[in-house]
Amino acid sequence: MYQLTGVTRLYAKGGQTVPAVRDINLTISGGEWLAVQGRTGHGKSTLLNLLGGLDRPTSGTIEFAGKDLALLREAQVTRLRAESIGFIFQTFNLVPTLSAAENAEAALIPLGIGAASRRRRVDAALDSVGLADRARHLPGEMSGGQQQRAAIARALVKEPKVLLADEPTGNLDEDTRDEIINVLEKLWRERGLTLILVTHDTAIARRAQRVGVMSNGRLSIRQDIGSVPPAIP
Amino acid sequence: MFFITYLRRELRRRIRQAVFIALGLALGIGLVVTVTAASAGVKKAQSDVLSSLYGVGTDVTVTGKPPRPPSPGKAPARGATSFQLGPGGAKLCQNGKCRNAAGQKIDHLVSDSYRPISQSEVAAVTKLNGVKAAAGGLTLTDTAISIPKHFGQPGSPLPTPNSVNVDGADTSHLSLGPLSAGTITSGRSLRSSDAHANAAVVDSGYAHSNKLKVGSTVHIVKHSFTVVGIVAQPQGGSPPDVYIPLARAQAIGTAAGKSLKNHVNTIYVTATSAASIPAVQAEIEKLLPGDTVTTASSLASQVTGSLSSTAKLANDLGRWLSILVLIAAFAVASLLTMAAVARRVREFGTLKALGWRSRRIIAQVMGESVVVGIIGGAAGVGLGFAGAAIITATAPKLSATIASSTGQRFVSAGAGGGRGFSPTATHTVAVPMLASVTAGAVVAAVVLAVAGGLLAGSFGSWRIARLRPADALARVA
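Same order as they appear, the protein sequences are chains A and B. Here the working numbering is used: the first residue of the first sequence is 1, the next is one more, and so on. Here the working numbering is used: the first residue of the second sequence is 234, the next is one more, and so on.
Each hint should be verified, as a subset may be incorrect.
No more than 25 Å apart at the CA atoms, straight line, and that leaves these computed lysine to any residue pairs for SDA-like [unchecked claim]: (1) A:Lys67 with B:Arg590; (2) A:Lys13 with B:Lys494; (3) A:Lys161 with B:Arg590; (4) A:Lys67 with B:Ser591; (5) B:Lys630 with B:Ala619; (6) B:Lys276 with B:Lys494; (7) A:Lys13 with B:Lys276; (8) B:Lys494 with B:Arg424; (9) A:Lys13 with B:Arg699; (10) A:Lys67 with B:Lys276; (11) A:Lys161 with B:Ala707; (12) A:Lys161 with B:Arg593; (13) A:Lys161 with B:Glu580; (14) B:Lys298 with B:Glu518; (15) A:Lys161 with B:Arg701; (16) B:Lys630 with B:Gly438; (17) A:Lys13 with B:Arg701.
The following label-pair restraints were derived from C-beta to C-beta distances [unchecked claim]: (18) A:Gly130 with B:Ala684: 46 to 52 Å; (19) B:Leu554 with A:Leu71: 42 to 48 Å; (20) B:Arg249 with A:Glu159: 47 to 53 Å; (21) A:Val18 with B:Arg590: 28 to 34 Å; (22) A:Gly112 with B:Arg246: 23 to 29 Å; (23) B:Phe235 with A:Leu71: 16 to 22 Å; (24) B:Arg249 with A:Gln3: 49 to 55 Å; (25) B:Ala707 with A:Gly130: 55 to 61 Å; (26) B:Phe235 with A:Glu159: 39 to 45 Å.
Keep in mind that the hints were calculated from the coordinates and are not lab data. Idealized CB from N, CA, C, for every residue including glycine.
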């Protein structure tokens, strides 16, 4: 699914060049679950942004399904995100004025899908995360766990190939955290998604097929595919 | 539709800000509409004043040049009657012969404002290129003064002149001239068969104050005219008191002691088109050098008084005030929209992550701004109507003044010889201020509202277009 070769991302900060990501070489297979750990400010989110086409590398190549994201025009990357990549954020990032269903529907707008078809897909997505009864609720009317479920529904409604989750349980209590991870794992298994999940939580990272650790912008893989079979507790 | 739902919800969330922006735009647009309405009202008042003076459909007016004031010490023109005050008492003098004025009644129907123009010039004007029709007229004043018997002696009362403005109307061209602007309220207008008859149409105001009605008699220099009709002129005008057939006015009127037979002192001209008016004016000026050729627009510039001041106020101060308020409203709307976009960076970053293109997000923001603009525009039109209504209800009547030389001569004889002066008459009328909102003003308001919305939205859009999703998300991560 992904082939990263010599990926480096530099930022200019206070007149100095700061490397956020350095010389990363990585292959991520389709249907793989990769967890990325690391301390704050060591490049986890930058790596996720690069994988999602939200940012471009200073050097190196990021091939996604055979296309180099660094060479695509902005409109092409945007289209790729709309069709193939789902995002889940730590702070949910739901549009506060839209209901759970409308937030999910927002992900289908760029695809030009008809209203009736959008409604069907939104209903199915909310149902798959157990939020069918909250479809008309605004984010402010839902708990943190419910909001993250709505965000997951929004990420999955377009049936992406890749799901990029940036600390999806970072703002949740332990029970809700387990609930959300269970939902993600279930969907990953059922849909054959490529799941790349950034987390501080080692317990969650252990449930992934591979764990990568970011340190000073460099990535080291600690666990190989299949060494720890994923399981739902 | 998702676009509408999102737009509606977003406006509802920012209702206070939306209302604030809309009110700002409404204030600016309301001011523009009010000023435009006031300006339109002033223009209409000017038009009413001018049409009451020279009639509807008159494009160019020619008047004989004003008579020069007599030089000090110079004898009055031959045939003219002068009134002299001296040590021997009051005297009436004509052709150098004087008689005691005490107990006398002087009554003259004279062209004291304009020198006569030969009637043949009317035909010459009619033949000019670009002239559709031309008619001659006589603007005369019937002045009657009764001199008290003991005038000049201590305790003697002053003579009181009684003036009646008489208009000699060409009965074969009644569609031109002052009578054309009026409405017959009783009886009938003059007609061709009245050309040599002692028939008169009197102004409704004059008829009211003198208790005249159809069938009554009015006296003009010892001639009795039968009132055949009462005419009401447009409000704001200062019409002649009595209209009589031109031929009769020529027969009984004088100018500088001479008969006005075959003479007029005013020519009313209609051009074939508005575009040809300047050319017609130039042609007439060439044909009749020395006479005064006036178009409606040049006459408007001679109008003074509060009407003129109000026109200047509406056109200058009102316009600039409106522009300033609009600029302020647009600036506030733009700043608030930019601030709103800054607060929604996270939201727009997320939408970009979901695959929304910048232009779709921009369309959403522009849509919100334009809707606020349209609401502001609608409120502005409402404010404009209210402002126009308040102006109409509370504004005092405006006065319009047109100065003209009267040509009347007053001569006083003293030790140093005769002294004369020719006062300037001011024709002043009261005009109601009727501010009315025009369809054009409403269209302009809508255009301004949409423009204001687009301007405010475009500032926000500029920010969105430059927004990198990774930066937007990093800011909230």
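Here's how the hints hold up against the structure:
1. For the hint linking A:Lys67 to B:Arg590, the alpha-carbon distance of about 20 Å falls within 25 Å, and the restraint holds.
2. Taking the CA atoms of A:Lys13 and B:Lys494, the gap is near 100 Å; set against the 25 Å cutoff, the hint is violated.
3. For the hint linking A:Lys161 to B:Arg590, the alpha-carbon distance of about 20 Å falls within 25 Å, and the restraint holds.
4. Between A:Lys67 and B:Ser591 the CA atoms are separated by roughly 22 Å; this keeps the pair inside 25 Å, and the hint holds.
5. Proposed proximity of B:Lys630 and B:Ala619 is supported: the alpha carbons are some 19 Å apart, at most 25 Å.
6. Taking the CA atoms of B:Lys276 and B:Lys494, the gap is near 38 Å; set against the 25 Å cutoff, the hint is violated.
7. Simply put, A:Lys13 and B:Lys276 have alpha-carbon atoms about 64 Å apart, too far for the 25 Å limit, and the pair is violated.
8. A hinted pair counts as satisfied when its Cα atoms are at most 25 Å apart, and B:Lys494 with B:Arg424 qualifies at roughly 20 Å.
9. In summary, the hint linking A:Lys13 to B:Arg699 is supported, as the alpha carbons are separated by about 19 Å, within the 25 Å threshold.
10. The straight-line distance between the Cα atoms of A:Lys67 and B:Lys276 is roughly 70 Å, outside the 25 Å bound, and the hint therefore fails.
11. Of the pairs offered as hints, the one joining A:Lys161 and B:Ala707 holds, with about 24 Å between alpha carbons and a cut-off of 25 Å not exceeded.
12. For the suggested pair A:Lys161 and B:Arg593, the alpha carbons sit about 24 Å apart, so the restraint of at most 25 Å is met.
13. Note on A:Lys161 and B:Glu580: the hinted pairing holds, with a Cα-Cα distance of about 23 Å set against a maximum of 25 Å.
14. Between B:Lys298 and B:Glu518 the alpha-carbon distance is near 12 Å, which keeps this suggested pair within the 25 Å criterion.
15. At most 25 Å may separate the alpha-carbon atoms for a hinted pair to count; A:Lys161 and B:Arg701 meet this at roughly 23 Å.
16. Between the alpha carbons of B:Lys630 and B:Gly438 the distance comes to roughly 18 Å, so the proposed pair stays at or under 25 Å and holds.
17. Proposed proximity of A:Lys13 and B:Arg701 is supported: the alpha carbons are some 17 Å apart, at most 25 Å.
18. Between A:Gly130 and B:Ala684 the CB atoms are about 49 Å apart, so this pair conforms to the stated range of 46 to 52 Å.
19. Range check, B:Leu554 to A:Leu71: about 56 Å between beta-carbon atoms, so the 42 to 48 Å window is missed.
20. Distance hint check: the CB atoms of B:Arg249 and A:Glu159 are about 40 Å apart, inconsistent with the given range 47 to 53 Å.
21. Checked against the hint of 28 to 34 Å, the pair A:Val18 and B:Arg590 passes, with Cβ atoms roughly 30 Å apart.
22. Here the CB-CB span from A:Gly112 to B:Arg246 is close to 27 Å, well matched to the stated 23 to 29 Å.
23. With their beta carbons about 32 Å apart, B:Phe235 and A:Leu71 fall outside the hinted range of 16 to 22 Å.
24. For the pair B:Arg249 and A:Gln3, the beta carbons lie near 51 Å from each other, so the given range of 49 to 55 Å is met.
25. At roughly 31 Å, the beta-carbon separation of B:Ala707 and A:Gly130 lies outside the given 55 to 61 Å, and the hint is violated.
26. In this structure, B:Phe235 and A:Glu159 break the distance hint of 39 to 45 Å, their C-beta atoms being roughly 19 Å apart.
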